[in-house]
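Enquirer: Sequence:
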Amino acid sequence: MSSPGPSSPPRADPRALAWGVTMPALRWDGSAYRPHDPTAPPERCVREGVAGFILFGGEGDAAARLIDSLRAGARRPLLFGADLERGVGQQFAGSTSLPPAGALGALDDLTVTRAAGEITGREAGALGIDLLFAPVADLAGEPDNPIVGPRAFAADAAHAARHVAAWIEGARGADALPCVKHFPGHGRAAGDTHLGAVTLRGCRRELEADLEPFRAAIAAGVPLVMPGHLAAPALDPTGAIATVSPRLLGELLRGRLGFEGVIVSDALLMGGAGELTTTAVEAIRAGVDLLLYPAEADAAVEAVAAAARADAAFHDRLAEAWRRVRACAERRVATRAS
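In this text, residue positions in the sequence shown follow numbering that gives the first Met the number 0: the first is 0, and each later residue adds one.
No lab work stands behind these hints: they were computed from the structure. Just so it is clear, CB atoms sit at the ideal spot from N, CA and C, and this is done for glycine as well. Errors might be hidden in some of the hints.
[Claimed, not checked] Across the chosen pairs, the derived CB separations fall in these ranges:
1) T110 / S30: 35 to 43 Å
2) R330 / G238: 33 to 41 Å
3) A125 / A154: 31 to 39 Å
4) P145 / R204: 21 to 29 Å
5) G220 / R335: 13 to 21 Å
Construct the complete structure from the given sequences, taking the supplied hints into account.
Expert: Structural data, given as structure tokens:
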């Protein structure tokens, strides 16, 4: 049976649309990959039409076997992603571990940074990993920031922008799909979005300047952007986090910056994301295309599907997200076959 193309989403089935924009997590427990949500085993998610999975840990060979097995049982293309800021060895034993972005930025050799992106993309592709949740385009200028630090290439926006673009060029040259993060930039925050709400400090002029690495990423052809669970009152006075902000995702990222690729949420189980079902719906409404790592996949899917049944405009937005994710997955199939 042939699956519908990206221009033909399963319009009569909002639940299928919702599964098609959801990416749950699978974690290595020392012997096997287990779903974060035990009520949603990967085989059932695949039958439901899930977009794919984010993987954490394990041996590279084990990850490759899992990916091959799940793809063999799917009737549609699946996407697999991983956090790979420091190379594939960051997650998968037996692969190359690379220095953090801060070390590459300090060395300030774009050839080396480009090679880091290329090595990461090539090794990820060998395992079947499509989406590289890297590089970080945040800046390292806030000494009280607890989670950026050496994950950023530099504190200076122009310096960071050069290296963000080089890393992306390297990864794209290896036929990988890098995802720049965390829009509009996590650098001017003193909190941790893993734990709770975080607000960016700074005036509009300062936050606009911090966008330079994201502009460089888009100019380099980055196919995915991840917004942070970050409120930026100087850019969106409503105080909405970027994940659910039409101003930040629609007017700024899509409009002024001209990004046309896939917008991926940061992990929805993070404290800064807020209540799962509300955020899942409002993220899609605001312009997110792919819902990453919900703590409860079924709860997120059912909330999004219910919203689509109740609101024709939301259904259209969900179908648009579904088409964008499906087109990304189908391009990956063609790339792997070439």
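Enquirer: None of the hints should be skipped; say for each whether it holds.
Expert: For each hint, the structure was consulted:
1. Restraint check, T110 to S30: a C-beta distance of roughly 41 Å satisfies the suggested window 35 to 43 Å.
2. At roughly 36 Å, the beta-carbon separation of R330 and G238 lies within the given 33 to 41 Å, and the hint holds.
3. Taking the beta carbon of each, A125 and A154 are about 34 Å apart, inside 31 to 39 Å as hinted.
4. Taking the beta carbon of each, P145 and R204 are about 25 Å apart, inside 21 to 29 Å as hinted.
5. Our hint of 13 to 21 Å for G220 and R335 holds, since their Cβ atoms are close to 19 Å apart.
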